[in-house]
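Peer 1: Chains A and B supply the protein sequences, listed in that same order.
According to our numbering, the first sequence is numbered sequentially starting from 3.
According to our numbering, the second sequence is numbered sequentially starting from 4.
Rather than coming from a laboratory, the hints here were simulated on the basis of the structure.
Glycine residues also receive a C-beta, built at the ideal position from the N, C-alpha and C atoms.
There are no misleading hints in this set.
Some, not all, of what chain B presents toward chain A, calculated at C-beta under 8 Å:
1. Leu12
2. Thr23
3. Thr30
4. Phe40
5. Pro97
6. Lys126
7. His127
8. Glu129
9. Pro133
10. Pro134
11. Val136
12. Thr137
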Amino acid sequence: MARTRPLLPEWFHRLGSPKGFYQMTSSWMPWLAVTAAVLLLVGTVWGLGFAPQDAKQGNSFRIIYIHVPAAFLALAGYYVMAAAGAIGLVWKMKLAHMVMKAAAPLGAALTLISLVTGSLWGKPTWGTYWVWDARITSMLVLFFLYLGVIALHYAYTNGEAASKASAVLALVGTANIPIIYKSVDWWYTLHQPATIKLTQAPSMHPDMFYPLLVMIAGFYCFYALVLLLNTRSEILHRERRTRWVLDMAEGGRS
Amino acid sequence: MHPLRRQRLIAVIFIVIVATVAVALVTYALRQNINLFFAPSQVVAGDAPAGTRIRVGGMVVEDSIVRAPGGLQTTFRVTDGPSEVIVTYTGILPDLFGENEAAVATGQLEPDGTFTATEVLAKHDENYMPPEVTDAMNKAMEKAHEARP
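So here's chain B without its partners, still in its complex pose (with noise of 0.2 Å):
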């Protein structure tokens, strides 16, 4: 290879390298609020400020949901697992909103550490499937409770 075009070539490589560590450095700097929401244990643990608005996400547990008769309040728990956060709301959730599926809420966490929602967004997973297929599924794990002693 011709010497100065050799010299070019490196001088674009470190172009591409410089540029791609300094911002992986500052992605790795900003980590925690490149983050949309704070999990439920990062909420449980006190990492997250309390008194400020933030966001919470989580799984909408099941049999958590309970909806407060002749309002527009909503009571919910979300988990990560290990740590679970009350939240509550009032207003009209998302029509993907569900138990087993994945919520995003903003509001502000209370002293007694539940979760004053002020917007809550359904988020959806990666998997996408026919009704019917999911019909076909869900009856086969009703069989197999069934079959269960």
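Bound-form chain A, shown alone (with noise of 0.2 Å):
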């Protein structure tokens, strides 16, 4: 008689519980550490030193090399945030509430990032460092809709209650992406509309372009690494009690 086989394979289900998960990615962290410093180290050099200047603005456009990758993972961050809370919500998982709280403060400052290094940028080119418009507020919005389950995280005492409520605030949060992503298209915006398109060609010289995505890559592989340094630590913390995580400690001191 065939046994049946299992839906997914053992190191699946291993990498959803926080042991396993925590033995797990313990071998990765290296690898992400190298690849995202060698990522951001090429790409800095590249777009900040070698990138030819822009026709019109300067020297003042290569601030796009820390701006848009900020922004591309402050708005993927979102989702990969909100989808670990309907994880934790809908299969009760210990290791996507983890996931989600690790998430906010990361997106957090990438919002933060992304505002601070456009309003620099507003200065000079447009003659402002703020203004009221479509991407700019939403993005705005984004950064208090991370600032708010970080929050609501807080004000429970219940580990459990805390987790549910931020995952729903980060749920309903999911309608700000899209706004943020077509506000330039849909409305009237001092900010310009996306120079990299999904089904287009990027309207950037190829010169620029390059240290761009390889900046871009290197944020991805910066943000998997915190994303998961953040995951750990909440690990440990929450499971500070149990004997897996004592013997380790144990370990560690001998």
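These two chains come separately, so use the hints to put the complex back together.
Peer 2: As structure tokens, this is what we get:
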């Protein structure tokens, strides 16, 4: 008689438990760190030192190498946070709640970076640091959503209630992501439309575009690295009274 | 799928859909308020309120920039294709302000249909190009013009 095969491989179930996740990701960390460091270093030197300057903006356009990757990850990271929240709500998975909690401060930091760099670029280019157009305002709303998710976590003393409430807020906030993305096309804004398009060639010279791609790849690796670091520390914190964490701490001390 | 999980999954999908629809309706209702500026066609059609602080944005028309001698007053026209609005501004313009570039002016619509601006911002487009490439393109354009009889 044929045994029924499990739907998912064994390693997947191991990855789903906090302990298994912690142990499996340990070996990934150095690789991710090195890849992120190399990509960010190459991208920064290439973008700031070797890419040609822009015909109209001169050197001030180079802030794009921080601004665009940070904004990309601020948006993508919101989906990571909301998806983790949804998985935690539906499957009552502890690890998913931990990933959601880990993603919130990281996303908030990236949103703040893109707001600040955009503002610094806006002064010499537009003539103002800030304008309440749809893109910039919706990005500010994203920042507040991230802060709200963080704040909700700390508003509850009960861990499960905190996770549930912030997951619901994270899910409601997903309505803002398409607005941010399409705001420059739907309304008159001061912010320019997207340079990197999904279906067309980028409206940017290749000499300027390749370092930007390297920076975006570097930011993705950096995001994964910091998300894992945050999640791992959250795992250790929540499981600090369990045997395996205590054993590890003992082992590390000797 | 376990019925309880299925129920929770439906609840999650419901939250996302309801939130999206609610936000979509609000933004649709406020669409004119979300626009940062009025286009010249809207101003000419009378959709923009006169006598109150508004913004007008569009492309600065070629050869329309007139600087008053000995002063900071500048007059130019902005267009969105079908219509044009005359803008008068006293002050320092941003570096990227120029002909055939987009600009957004904040100010007041006068009874005669002209616009008195208190602030002018330059709007940058999504194109990035090294100066050599722009020069080469301009030269090619000039050549094409000369070749034409």
